[in-house]
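Student: Chain residues, written in single-letter form:
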Amino acid sequence: MNPDWQALITTLEMATLTTIILLIIGTPLAWYLAKMTNRFKVIIEAIVALPLVLPPTVLGFYLLIAFSPEHLPGQLWQQATGQQLAFSFSAIVIGSVLYSLPFVVQPLQKAFEQLGDSLLEAGALLGAGPVDRFFSIVLPLTKASFITAASLGFAHTVGEFGVILMIGGNIPGETRVLSIALFDHVEAFDYAKAHLLSISLLIGSMVLLAAIYWLNLPKRNNTKNVSRSIKLQDHTNHE
Amino acid sequence: MSKVLMNKVPVDNTAELNIDITVNYRHFDLAIKQKLPLTGITGIFGHSGSGKSTLLRVIAGLEASVQGEIALNEQCLINSSKSISVKPEDRQVGLVFQNSRLFPHLTVLENLNFAVKRCKHSRLTLDEVIELTELSLLLTQQTNELSGGQQQRVALARAILAEPRLLLLDEPLSALDQHSKTQLLKMMLNIQKKLNLPMLYVSHSLDELQQVCDNLLVLSQGKVVNFGNIHQAIHQLNSYDDSAIIHQQTSLSLTIKQMDNGHGLTSLAVGDGQEIYLATDIYFQQSSPLRCFILASDISICLTEPTNSSIVNHLFGTISQITHQTSNVLVTVNCGSQQFFVTISAFSQQKLALSKAQDVFLQFKASAVRTFIH
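Chains as they are written, first to last, in my numbering: chain A, 1 to 239; chain B, 1001 to 1374.
Do not rely on the hints blindly, as some may be mistaken.
[Unchecked claim] Dumping the calculated SDA-like pairs for lysine to any residue here, alpha-carbon to alpha-carbon at most 20 Å:
1) B:Lys1365 / B:Ile1301
2) B:Lys1087 / A:Val138
3) B:Lys1087 / A:Gly116
4) A:Lys110 / A:Ala80
5) B:Lys1117 / A:Val138
6) B:Lys1117 / A:Val131
7) B:Lys1117 / A:Glu121
8) B:Lys1193 / B:Arg1165
9) B:Lys1120 / A:Asp132
10) B:Lys1117 / A:Leu120
11) B:Lys1082 / B:Asn1024
12) B:Lys1087 / A:Ile212
13) B:Lys1033 / B:Ser1065
14) A:Lys143 / B:Gln1067
15) A:Lys110 / A:Ile212
16) B:Lys1087 / A:Pro130
17) B:Lys1087 / A:Ile25
18) B:Lys1351 / B:Ser1310
19) A:Lys143 / B:Leu1106
20) B:Lys1117 / A:Arg133
21) B:Lys1117 / A:Ile25
22) B:Lys1117 / A:Ser179
23) A:Lys143 / B:Ser1320
24) B:Lys1082 / B:Pro1104
25) B:Lys1087 / A:Pro140
26) B:Lys1087 / A:Ser179
27) B:Lys1117 / A:Gly129
28) B:Lys1356 / B:Ser1320
29) A:Lys35 / A:Ile20
30) A:Lys35 / B:Tyr1025
31) B:Lys1087 / A:Gly129
32) A:Lys193 / A:Ile212
33) B:Lys1120 / B:Asn1196
34) B:Lys1120 / A:Pro130
35) A:Lys110 / B:Pro1104
36) B:Lys1117 / A:Gln79
[To be verified] Stretch by stretch, here's where chain A covers chain B in the computed footprint (C-beta under 8 Å, at least three residues):
37) 1078-1089
38) 1110-1122
To be clear, the hints were calculated from the coordinates, so they are not data collected in a lab.
Bear in mind that the values here come from a model prediction, so they are computed numbers and not experimental data.
Yeah, the Cβ is synthetic: ideal placement off N, Cα and C, and Gly gets one too.
With the hints as constraints, model all of the structure from the sequences given.
Tutor: In C-alpha cells form, the structure reads like this:
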C-alpha cells in the first residue's frame, strides 16, 4: 500500500477512537465542572485547559517518560497487555485524548452551564431520573455543542504532531500519521508529495469546519421563533 | 365529566402535609414547623424573602441541606436524622413554576406526553386534561409560539398529567395580564374540585389567594406567622398597619340570595338577615358561595340609617374594636357573626365620637364589593 494512504488510515483510526473516548470521558467531566461550585473547580479547569498553552513536546516528553517500562503507568500497561506502551498505537491515542481534551470539554461545559438547572428540575418533578433527564432534555438541547465538541476534538487530533513525534515515533501502520508523513517528505526534499498531503489536509479541515458551522446554523424557518422566544423570556424576567 | 373523574380519584380526607424543617443559608434561615391539612387550595403568603418559594422547593426536593422532617400523608419525604431524602422524581409532587419551564425542543403535545410517559398511574387520560386546560387548539404549536398565559396552561396540564399527590404552584400568575390571571385561577379551582387534587399556592398577591384558597399560611422572614381559614387569616393580617403588607379588607364567602334583581344587582346573604348588593356577572353560580372582599377604605360609617343615598349597601352593626393607626383609625364592626373592617380618619372618629359597643350603619357602593372569579 502507498505509505501515505496507510498514514491516512492510521490518522483516521486514531482520530475516530480518540473522539469516541473523549466524548465518553469528556461529557461527565464537563458535566461535573459545570455543576461544581467549590475551589477545586478552578484547579481541574486549569488542568483540562493546559494542553491549549503547553508546547506539545512538553506533554509528549512527560508522557514518554510515563509510558516507558521503567515507570509505573508503562509497567502496569505492560503487565496487563504484554506489550510496551511507548511507541505504540495505544500510546498515540492516549496522548491525543489528553492533548485534545479541552476542545471537547470546554464547549460541552459551556453548553451545560448555559442550559442551567431549571429544565432539569422541571423534568425531575415530572418523574424523570438523572439518566432519563440527560437523554431526553440535556442531549437534545445541547446537540449543537456535542457536534462542535466532537468535530473540534477530531480535527485537532488529526492535526497533532509534537505529542505523536515524542511518544509514537514513526512506525508505518502503527504510529505514522499524516502530519509525521508530511514531515518525512519535507525532510527528504520530496516537495511534490508534501504539497499533495498539505493541500489534502488543508481542504479536509476546511470542509470539516464548514460542515460544523453549517450544522450549527439556526434553521431558517425557526429564526423568527427564536427571536420571539428571547423576547418572551425577557418579558418574564422583568416581572 | 366531573362525576367520572371524581370516581377515579379516591377521596382522601386525611391528607396532611407535616412539615418540621430548617434550612440555613448564608443570609437567610427558613424554620417551619406546621401541619397543613391538604384540603382544597392552601395559600402561602409572604413578601419576597419570606421563604415561601424556598418552602415549595424544599417540599419538592429541589433544595439540598435541609434539616428536619417532611411527611406527606404519613409517608416520609425527608428525614435528616435518618438520612432519608426521597428524590424529587420519586416524590409524586408536582410544581408549576413562575416561568413555565416548558421544554423548548418539544411541541405542546410532546411536553404533555413527557409527563404521560413517565407517569406510573393512569387515572387521568391525556384528553381529559387537555379539555380541562383548554389546550386542544394548541397541541401542535412550538412552546415559544405561545403567550404567557398559554404557556402556564401547558405547564399546569403537564404537571397534572404526572398525577401528583400534591401540586405546588410557585407564583404561576405573576407574569400574566389580568385576563389570563382570572382564566387560570378559574381553571385551577375547577381542576382542584374535579380531581380533588390538593394544592399549595404561593403568591405575594392577597387578592389572588383570597379568591381561591381555603386556608392561608402566612410567612415572614422564614417563619410561620399565622395559619388558618382564609378569611380569618386575612382579617388577622388587618392588624398590620402597613399598606406594603396588606390592603386592610373584609374577606367574605357569601351565598347568593337573589341572582339578579332586574336592575343588574345580585344580593348576597350576610347571615343575620341583612344583605349586600353587587353588580351581577354572568358567571355567578347560585350553587356555590361567592368569594368577595371589600377594602376597609371603601366603607364609611353613619350614625343613622342613610336612606336617602345612591349608595345601595347599608348594614347595621355594632362596633367591637377601635384601633388607632399611624394615619387613620381601624374600626371593627360586627354585623351578626360577620366582622367588617373599616378605616376612617381620626377626624371623623372624633367628630362621630365613636366608641366600643356603639351601634352604627356601614355604607358602601355595590362596586366596592370586589370579586374577579366566579
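Student: Which of the listed hints are broken here?
Tutor: 4, 12, 14, 17, 18, 21, 22, 23, 24, 25, 26, 29, 32, 36
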